[in-house]
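With the working numbering, the residue at position 2 of the sequence shown is 6, and numbering never jumps.
These aren't lab readings, by the way, just hints derived from the structure by calculation. All C-beta atoms, glycine included, are put in the ideal place defined by N, C-alpha and C. Possibly wrong hints are sitting among the right ones.
Below 20 Å or equal to it, Euclidean Cα-Cα: the simulated SDA-like pairs (lysine to any residue) are [as the list claims (entries may be wrong)]:
1) K137 <-> L89
2) K139 <-> C203
3) K139 <-> G193
4) K139 <-> I76
5) K139 <-> G49
6) K139 <-> G195
7) K139 <-> G63
8) K139 <-> V41
9) K139 <-> G81
10) K170 <-> M138
11) K170 <-> A128
12) K137 <-> G86
13) K139 <-> R68
14) K139 <-> S40
15) K137 <-> G49
16) K139 <-> K184
17) K170 <-> T130
18) K139 <-> G185
19) K139 <-> G77
Okay, the calculated beta carbon distance ranges per label pair [claimed, not checked]:
20) D46 <-> A161: 43 to 53 Å
21) L156 <-> K184: 14 to 24 Å
22) R179 <-> G155: 14 to 24 Å
23) P85 <-> E55: 26 to 36 Å
24) D135 <-> R205: 42 to 52 Å
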Amino acid sequence: MQAKPGGEYNGGQPSSFSNAVWDVHVNLPQQVENASVSIAGDMIGLLRLWEAFIELDTGAGSFRIPAGQIGIGAAAGQFVPGVRLSEMTVSFEISMGRKERDALLTGEAGAGRYLLLSEPVGFAVTVSCGDQKMKSEDLQAIELALPLPEGLEPDRAINVLMLDRKGSVRLLPARRISRKGRMMAAANGAGEGIFVLACTRGER
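Could you put together the complete structure from these sequences and hints?
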């Protein structure tokens, strides 16, 4: 799937485009456990100039990232000399339900600090040129929203537990929001990693 500025994607079918709106919003099937969206490198370069955002929305949650955070220029220097942005592709990947990820987060929770409230969901950004791939570095401005489980007490303090690629765990404060009829927990300042809703044991 290739995205264009100003458009909203629903199952791969673009709506009308507006020259005044440069954010890219991609709706992915709600039932899939693993989803990937690819955008051409020259389009990412254009979105960076317009200070646009890219948002991916799935049943597992939504992730919103400034195009300027994606180091497409720095990545170009890691590939063959003289590579053009049009020869590069940026892929955004959302995945969930992997046992090894669940085990990693459960290990942290097993120390007695946190109670997990949802299944883990991963988010990663990959830049590729031909058969060469590299992870985008220093993504620290991702906004995410994860669906709240049904029956959760309205006064329960919630957080997002984040496991980054280096194996470090961070706790991101979350707030309740309503989006498209769903109650969700939203958090800012995330990077690439694995995310799960959590609360501190004994905390209300």
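The hints, checked one at a time:
no. : hint                      : in the structure
1   : K137 <-> L89              : holds (14 Å)
2   : K139 <-> C203             : violated (30 Å)
3   : K139 <-> G193             : holds (18 Å)
4   : K139 <-> I76              : holds (11 Å)
5   : K139 <-> G49              : holds (17 Å)
6   : K139 <-> G195             : holds (12 Å)
7   : K139 <-> G63              : violated (24 Å)
8   : K139 <-> V41              : holds (15 Å)
9   : K139 <-> G81              : holds (13 Å)
10  : K170 <-> M138             : holds (15 Å)
11  : K170 <-> A128             : holds (13 Å)
12  : K137 <-> G86              : holds (16 Å)
13  : K139 <-> R68              : holds (17 Å)
14  : K139 <-> S40              : holds (14 Å)
15  : K137 <-> G49              : holds (18 Å)
16  : K139 <-> K184             : violated (31 Å)
17  : K170 <-> T130             : holds (16 Å)
18  : K139 <-> G185             : violated (34 Å)
19  : K139 <-> G77              : holds (13 Å)
20  : D46 <-> A161: 43 to 53 Å  : holds (44 Å)
21  : L156 <-> K184: 14 to 24 Å : holds (18 Å)
22  : R179 <-> G155: 14 to 24 Å : holds (19 Å)
23  : P85 <-> E55: 26 to 36 Å   : holds (29 Å)
24  : D135 <-> R205: 42 to 52 Å : holds (46 Å)
Hints 2, 7, 16 and 18 from the list above are not met by this structure, while the remaining hints are.
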